[in-house]
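Residue numbers (our numbering), protein chains in the order written: chain A, 33 to 248; chain B, 6 to 120.
One or more of the hints may lead you astray.
What the hints assert, rightly or not - Below, a list of computed lysine to aspartate or glutamate pairs in the EDC-like style, where the Cα atoms sit at most 16 Å apart: (1) K140(A) with D88(A); (2) K17(B) with E44(A); (3) K83(A) with D239(A); (4) K34(A) with E117(B); (5) K17(B) with D47(A).
Hints listed in this document are in silico derivations from the structure and should not be mistaken for laboratory results.
Only a predicted model underlies this, so the values are computations on that prediction, with no experimental measurement involved.
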Amino acid sequence: MKIEIQKAILRENDDEAKRNAEFFKKLGLTVVNVMASPGAGKTTLILQLAKALRNDFKFGVIEGDLASRVDADKVAAAGIPVVQINTDGGCHLDAPMIAKAMGDLKLKGPGFLFIENIGNLICPTEFDLGENLRMVISSFPEGHDKPLKYPGIFASADLIVINKIDLQPHLDFDMGGFTTGIRLVNEEAPIFEVSGKTGSGLSHLVDWLKKAAGKK
Amino acid sequence: MHELTFAQSILKIALNSLPPQSGRILELSIKTGVFNTLEPNCLNTAFEIISKGTPAEGAKLVLAVEPAKITCNNCDYSAEIFSFDSPMTLCPKCKGQTLLKGGTAMYLESMEVEE
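Just chain A, with the same shape it has in the complex (with noise of 0.2 Å):
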């Protein structure tokens, strides 16, 4: 006897992605899930537009990382509400790990909540957080190939952040190659080229989340 049942294999946590969606919009969050491999600027770069967002919005941090509370610690030295997630060896953050984060974050909007998830091309792709947008950072030095690599988290990008611009001159970076891998998944996500580290780059990207968070 054939039983049809076409029901997605991670709704639980689709489920529970929904519920934190719903719970961000009412506490006016503009909610940005931050993928990047280990090293690629994901900490510095959320610092960064902290400083530029955090006049005109609240500002929050969510920090995901195996073990320590290194980027959580350098969040709350810059005076940001943060929360620190440790895994314990998972290897992506989940919508339930996030409900439960948020428990202990007090944060209201009108503002950006930044959550950073574990440094990791692959496995965060799949699990939904209940987020506005999908910010997947690359680096200069990780090379022009990782969209062909990891064609999975560029394609579920919102927006695309390459991020060391201020190496390009050091390396044999090929942008053409990598802006052809990336529209070749992805049709729309913005490009930024950026450096955390000097700010080159920078003001385009708090334009473009500006302009985001007004359209929620």
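Please build the complex by placing chain B on the supplied structure of chain A, with the hints as guidance.
Just chain B, lined up with the frame of chain A:
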């Protein structure tokens, strides 16, 4: 690499979908998109372990790939992609930029149950 999580979820959905007084589950049909990182052997092993002692013990997992669709921004070329081994970044017809869409599904389609 989350095959245990996927297997647990598949088992939970299957058992919740089982009508009362049914026999064993014989087969589970799963659709997974070409962009997903679901590895069949790992999934089978994980499912074998966690389904022991349940009506799903011994059930066969039948995996079908949901393809992505590749189109050309410049001409009418289109095709289905069942594997991402050699992505066509340029159209084989006119060398225009290509676009891949779809191929992200992951769902339990149906199951075959002993009468």
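Hint check:
no.	hint	verdict
1	K140(A) with D88(A)	13 Å, holds
2	K17(B) with E44(A)	10 Å, holds
3	K83(A) with D239(A)	13 Å, holds
4	K34(A) with E117(B)	5 Å, holds
5	K17(B) with D47(A)	15 Å, holds
Every hint, counting from the list given before, is met by this structure.
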